[in-house]
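4 protein chains.
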Amino acid sequence: MSVNSFGRLLRFTTWGESHGPALGAVVDGCPPGLEIDEGKLQPFLDARRPGQSKFTTQRQEPDQVRILSGVFEGKTTGTPISLMIENVDQRSKDYSEVAKAYRPGHADYAYDAKYGFRDYRGGGRSSARETAARVAAGGVARLVIPEVSILAYVTEIGGDAIDRASFDASEIANNPFFCPDAQAAARWATQMEAVRKSGSSVGAVVECIATGLPAGWGAPLYGKLDADLAAAMMGINAVKGVEIGDGFAAARLSGEQNADPMYPGATGPRFDANHAGGIAGGISTGQPVVVRVAFKPTSSILTPQPTITRDGDATELFTKGRHDPCVGIRGAPVVEAMMALVLADHKLLHRGQCG
Amino acid sequence: MSVNSFGRLLRFTTWGESHGPALGAVVDGCPPGLEIDEGKLQPFLDARRPGQSKFTTQRQEPDQVRILSGVFEGKTTGTPISLMIENVDQRSKDYSEVAKAYRPGHADYAYDAKYGFRDYRGGGRSSARETAARVAAGGVARLVIPEVSILAYVTEIGGDAIDRASFDASEIANNPFFCPDAQAAARWATQMEAVRKSGSSVGAVVECIATGLPAGWGAPLYGKLDADLAAAMMGINAVKGVEIGDGFAAARLSGEQNADPMYPGATGPRFDANHAGGIAGGISTGQPVVVRVAFKPTSSILTPQPTITRDGDATELFTKGRHDPCVGIRGAPVVEAMMALVLADHKLLHRGQCG
Amino acid sequence: MSVNSFGRLLRFTTWGESHGPALGAVVDGCPPGLEIDEGKLQPFLDARRPGQSKFTTQRQEPDQVRILSGVFEGKTTGTPISLMIENVDQRSKDYSEVAKAYRPGHADYAYDAKYGFRDYRGGGRSSARETAARVAAGGVARLVIPEVSILAYVTEIGGDAIDRASFDASEIANNPFFCPDAQAAARWATQMEAVRKSGSSVGAVVECIATGLPAGWGAPLYGKLDADLAAAMMGINAVKGVEIGDGFAAARLSGEQNADPMYPGATGPRFDANHAGGIAGGISTGQPVVVRVAFKPTSSILTPQPTITRDGDATELFTKGRHDPCVGIRGAPVVEAMMALVLADHKLLHRGQCG
Amino acid sequence: MSVNSFGRLLRFTTWGESHGPALGAVVDGCPPGLEIDEGKLQPFLDARRPGQSKFTTQRQEPDQVRILSGVFEGKTTGTPISLMIENVDQRSKDYSEVAKAYRPGHADYAYDAKYGFRDYRGGGRSSARETAARVAAGGVARLVIPEVSILAYVTEIGGDAIDRASFDASEIANNPFFCPDAQAAARWATQMEAVRKSGSSVGAVVECIATGLPAGWGAPLYGKLDADLAAAMMGINAVKGVEIGDGFAAARLSGEQNADPMYPGATGPRFDANHAGGIAGGISTGQPVVVRVAFKPTSSILTPQPTITRDGDATELFTKGRHDPCVGIRGAPVVEAMMALVLADHKLLHRGQCG
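Chains as they are written, first to last, in my numbering: chain P, 3 to 357; chain G, 3 to 357; chain Y, 3 to 357; chain V, 3 to 357.
No lab work stands behind these hints, which were simulated from the structure alone. Just to be clear, a hint being listed does not mean it is correct.
All copies of an identical chain are treated as equivalent in the list; a pair is satisfied when it fits inside any one copy or across any two copies.
As a list, the in silico DSSO-like pairs of lysine-lysine whose alpha-carbon atoms are at most 30 Å apart [as the list claims (entries may be wrong)]:
#, residue 1, residue 2
1, 77, 56
2, 95, 56
3, 77, 102
4, 322, 42
5, 77, 199
Whole structure, please, built from the sequences with the hints as guidance.
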């Protein structure tokens, strides 16, 4: 019942702080015989890596992942895969201010209330830097589900949404926003430039679609596929909302509008709608699994905010230095990783329970 | 790793089907010495009970809960509390149609795809009737957290939202919709009457607020309070979206707008906003915990829907008989129960880890 | 992390006290489609049932098991199987003495120290009566592993061991001691009669052999098959020791004596010794799995024992009335059940992880 | 449900192989604010370290432990503590023989049967080298239970037992056998010299006593303290038997002989015997917890053993090179570590459940 682990049969545990020597993940339960090396994991880390555009934090981290165990002669052995990423650019700055006072919107106060003590350097354990470990673990998970394709992209930044009619998956890699709509990407570049210069921040919505999984994954009633996805996504730093399929919009539809009628198909049913987002009763239906995730605006802003010190006195804090003006952007690779981890886990669980 | 259990230190396991002899929950980990009897649990079951207004299913179930273990001389003993609710009104109707074909929007096809076999009577295990067991377990959880008040209510039905300015908690019990706005309740009565008569269905949004819990509950990074709440809520039948605090709206705010500034307070900080919904970094901040849950419209409607048979042939199905035209309404007591279960669990977990 | 649950993929949770209305088990994770009814479980309960010879407690319990969920049309559905056994013969005796003082050797003092409160009637939750629920759950587990045969028998009572040369499995059902040696059974009858009459008690050793399982079950390093068996057996009431294969005797052998050489066989290796008890590195080798379990003498004896009251005063207690003079005898069916539960769980786990 | 993790609230996960770059443990759930640094863990690793006498493997490993996370300013933060030990002396020898054939008594065949693939270098994951990670984790666990003293020692090697009358705890550190009886240690030195020279091996029995823990730790019925200890000990490499208190000897006692009478004491009861080994009903009684563990003789011996190749052909293998002629000796620090891990876990669990 480690509270720093996630998953059932494919279970990973992460460790590490923003300013410690390294961070990592131990992935347990990976089936044996899968071809793996660092090169298969690195591209996912590179997608999440900071410092690649002016719209993300300028912290320079190579995020090179090392495999320390669980692999022999280029294949997984079935034993725990230990992944380590060294921290390189923990800039030695003056932390005396955040040591004494709580940054509003951050986890500073909550950690102190819980533990009576905290590593205040760069947010410590609560830093989004930990998501590098998730992304590395997600790379392993992908090997477990070669039949599944996963794609995450940003659909909205600061309230400006993409035009669904202009959706082009090939655009996603062409801009620093994981944006599938070239025109929206152009608008976002202008908007983000202003946000960055003013020291403000904005939120974002990330959507993720998984295709290729069969019907039957998911474990009702308390290991439902959608419930596990909700936990996986809500646990990502800065996430405040999760939707499956039509999500909150479904609450505004009638039963007739929300129906996903079924027709005879070549292999299983053919659907002509997917309001359900590929999951019914907590089990996959064979349709694409669709998840949408809301990221709040980064709490670190230049405008001073009223707050209190550890001693309870009034003060103000603002955030100098490096941060993502829109943390949701780099959330896209993290959402992909969590999707992969949940689906891989459920593939194994289904195989164990239903043969 | 039972997939029909939820929770960490306070862990409950449910069992039972819509048309079996009974359903129940085993609640493990309840601290000893708490005063309890059936009378303390029954009011929550009564709130969820069907057949109380014309806007819910007409199935008549007394939903009397029995305590079979874990209690001695009116107090919890620290051993498992077994709760059982007999099914009384499993009307013997003709199930030959749903035995052969899949009801679209229901879990029928997914269960068959997973298990190759299903109890088709009334949805079997996937029936929302199982939520009676959650509500009973939630009643036990409430005893663990007497310092916490939990209130859930419906904020929106079929796209018609309450007026926040008219919010009156005392109204919630005055109408069959758990609606805190008397005028909205009146409108909903008209709307639901039409929905019911036409054999259609609508969705709803339920909001739940917990007050009184201290800062410090929640277990980062993979036992975060918000992630556990997300799993708890998304796992309820018909739920498609979960928000904490401002949720998706936060994605449209700037960092300045979304800030929750802190000021010196009598006991801990005083906040003048709660965009975060009472949780930062997965840990409670001492502010009210706010969760919002989207229920899709009931899939059971009178309009025939195209579907397929188990043999893969085209057919049509429509739902005669008893069902909730808006399953979200009776979702309110279930959301309350899940909130109680998650908070009680985290209280114990925090005590174990941080003393 | 329910502390009243056991298993990983096939996980069961038990509930109930000696003098409550009923006790039961919820078995989760049972694969779908297995043929099952009460009649398939009852024989195992009958084997454990009290009151069948003068050498066991005279409490009269029919121990009729009811299946309340998870089964449809005679087959498992993959959903939780709820099993209930009503308590019938909770004789209303005077418990005022044990309410006030602690029976030495029993769990009375420990429960009070832990919970500050206890159900003192017949030992409450700590009563061996709970093992009826394990045996029922074990009956389900057996359906999961039709390829495995499990046989437990008593090899020693009160220090008097069977003669291995006279081992005859068909004798086990011919005497009330689960004894595979007719001559030993005759001796034990004499010995036990004296023990019973004097109000004393004796210990026993139970051995259990499982054959038919393939090589490859077990999950190193912290889900080893032998470690799980050790936990399963040590958790049975009155058990104080567990051995796999040669156990403690292996500690007195040389490496040459303890070797289990391998030779080419028809399907996998052929072994000509089984010192290891069928498990190497926590994984089954395909040889019979051999476990030996030590039961202490029943703590309930007629000779008064010094003890203290709840208030800390000196007193004496002795046990009148119904109990097993050798609790190890009826331990045999319980050991079988736990073996079945562990093996079935590992079969599913192996299938999940290694396909 | 990681199968490479152990514990409930204090949960550790180990990773690493004999011949990989490193091995380690992630310890989750350690309470915040405990003073810690590498120097507090290293002595335990040093006690287990190979190459310190001629009676252990000559592999030279400094076993320097590094703390990579979870510690700030010399104190635990409540976040995961990542511990890493680099492998230094993975001698590059020729593994072609063990790559092709299975060493009898080792896990080689079982791993291949399970995974279809294995890291054969030095036993891979099944090497006792992994116990270094347990010992490091155990060092953290000790910080959680400062009230408890733990002492493990070898009571028997190759069938030659210590004289209990000569027990002297201060002798344990005076010989390479963790032997509390100076005369036995002298005899063992002679015996082991012969064993070593002949290339044979012998088994051993390790006893471990924990004192200072209060009554009330342990979580019945499937998280019993003794059951968890049994799993913890049986999971150590080469262990084949576990006893609590009198263990198998208790099975040969009468109820009168096995009684642990209670008398009024200064703080709780006073006992004048401890047949139960400090645990009743799965809960600690406040008496010393006593565990005894049987280690089989090391399977690696110079005498060639019949075995088969991966292709199923007959061959013979014998073990050249470095190994422990009595693996039980260095088992003593590992048994201590597992005792610490189980007790620390149960301290937190008890605090969580019973406040």
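Structure versus earlier hints - violations, ascending order:
1, 4, 5
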